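As they're listed, the protein sequences go chains A and B.
Every letter in the first sequence is one number past the one before it in our numbering, and letter 236, counting from 1, is 357.
Every letter in the second sequence is one number past the one before it in our numbering, and letter 14, counting from 1, is 26.
Among the hints, erroneous ones may be present.
To be verified - Rough simulated footprint, nothing fancy, chain A against chain B, three-plus residues with beta-carbon under 8 angstroms:
no., stretch
1, 63 to 74
2, 101 to 107
What the hints assert, rightly or not - Straight-line alpha carbon distances no greater than 27 angstroms define the calculated DSS-like cross-link-like pairs of lysine-lysine that follow:
no., chain 1, residue 1, chain 2, residue 2
3, A, K296, A, K174
4, A, K145, B, K16
5, B, K44, A, K145
6, A, K208, A, K291
7, A, K356, A, K255
8, A, K296, A, K286
Honestly, the hints are just simulated from the structure, not real lab data.
As the structure is a computational prediction, the values presented were derived from the model and not from experiment.
Glycine included, C-beta positions come from ideal geometry on N, C-alpha and C.
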Amino acid sequence: MFNRVKNVGFENRMPYLNALASEKLRFEVDTIIDGQIERWYETVPYAAHLEGKTVDSEYYRRHLIETAWRIRLLRVSESKALAEIAKRSPEAAQIWANYEREEMLHDELFIQDLVRAGVSREQFLATEPYLSTKLLTGYFSYLLDHEGPLGVVAYSYLVEYVNVKLEPKKIQALKESVGENNIGGQISHSHTDINDDHPGEVWAAIRFLLRNDDDIQSLKRYLAEHQSVLALYFKELYEDKIGSTLQKAA
Amino acid sequence: MLFKVTLMPHKTEVWLPANAPLTDLEYELIGKLSIPFGCRAGACGVCAIEVIEGINDLGEKEANEASFLEELGYAGDRYRLACQCRVLGETTIRVADYTE
Numbered sequence: 122m123f124n125r126v127k128n129v130g131f132e133n134r135m136p137y138l139n140a141l142a143s144e145k146l147r148f149e150v151d152t153i154i155d156g157q158i159e160r161w162y163e164t165v166p167y168a169a170h171l172e173g174k175t176v177d178s179e180y181y182r183r184h185l186i187e188t189a190w191r192i193r194l195l196r197v198s199e200s201k202a203l204a205e206i207a208k209r210s211p212e213a214a215q216i217w218a219n220y221e222r223e224e225m226l227h228d229e230l231f232i233q234d235l236v237r238a239g240v241s242r243e244q245f246l247a248t249e250p251y252l253s254t255k256l257l258t259g260y261f262s263y264l265l266d267h268e269g270p271l272g273v274v275a276y277s278y279l280v281e282y283v284n285v286k287l288e289p290k291k292i293q294a295l296k297e298s299v300g301e302n303n304i305g306g307q308i309s310h311s312h313t314d315i316n317d318d319h320p321g322e323v324w325a326a327i328r329f330l331l332r333n334d335d336d337i338q339s340l341k342r343y344l345a346e347h348q349s350v351l352a353l354y355f356k357e358l359y360e361d362k363i364g365s366t367l368q369k370a371a
Numbered sequence: 013m014l015f016k017v018t019l020m021p022h023k024t025e026v027w028l029p030a031n032a033p034l035t036d037l038e039y040e041l042i043g044k045l046s047i048p049f050g051c052r053a054g055a056c057g058v059c060a061i062e063v064i065e066g067i068n069d070l071g072e073k074e075a076n077e078a079s080f081l082e083e084l085g086y087a088g089d090r091y092r093l094a095c096q097c098r099v100l101g102e103t104t105i106r107v108a109d110y111t112e
């Protein structure tokens, strides 16, 4: 007789990377993301639009709508990820659960700003998410079913790192263009990411999920793939709200 | 940046990156005497420590951590729950109820 129980997370509790090696990898990953950010600004249409002096109101409203939808849709897959993470590392699961607790209802912050921008809650609910937003959700499902939770957690690291790095600049610009009183939700969201050290929290979960060099290579690939999927969204947003208007005007 | 954490009474030295959680001691001290960790959420009290040096280098002590420590009989600034600490400087610590 042998014990058939598996996936309980205690097979190997030691992190693959010790504290110093983890810090070194994180620095390497941050450098990779910095490079991705540069390419993002060069290749994605209107990538810096919300950091500019004037903001197209239709573009802004739809961006808030999609952001709220993305949080609503991804929190379902991210909750499913918790079960997969717990099978591999209860330490990572504890960190992930806490992170999700803090993020779970953040769609409300964006919906509050939507109302301030003239879009009611009913109008928001009546707006179906973009295809690119649905595809991102689908990619998460694929990852959980076929590759494991690391890719889902990697997405959060990418988003949190970028938020902490770029949101203050964007928020400052939106205070000028949209008005500080109209972006209270986004300001609060940014506070959470920065003050609760969300990048650090997500990295701590990643560290426990990395079990070998192949996982490290996978992590780097996920960062690139998530950027590609997110670029689809910004292209769809641009085509819908800016490109189509330009075409009609021509 | 790395900071030295000294674990008494054996003067075991561990170097941890800035902002590392003290729970990392468990993984850095395999097979050696370390701090016992339980819930890692500040709720069980297993990891209560006495800070001998560097009380200000382990991050802020929240009010609920302070009141729980008091409940456990560890009143005063020098006690912390190790799982709630982040390494921000050189520190010397020991398990709160350690006896030789």
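Hints versus structure:
1. 63 to 74: violated (count 0)
2. 101 to 107: violated (count 0)
3. A/K296 with A/K174: 10 angstroms, holds
4. A/K145 with B/K16: Holds, at roughly 18 angstroms.
5. B/K44 with A/K145: 25 angstroms, holds
6. A/K208 with A/K291: At roughly 38 angstroms apart (the allowed maximum being 27 angstroms), A/K291 and A/K208 break the hint.
7. A/K356 with A/K255: 14 angstroms, holds
8. A/K296 with A/K286: 17 angstroms, holds
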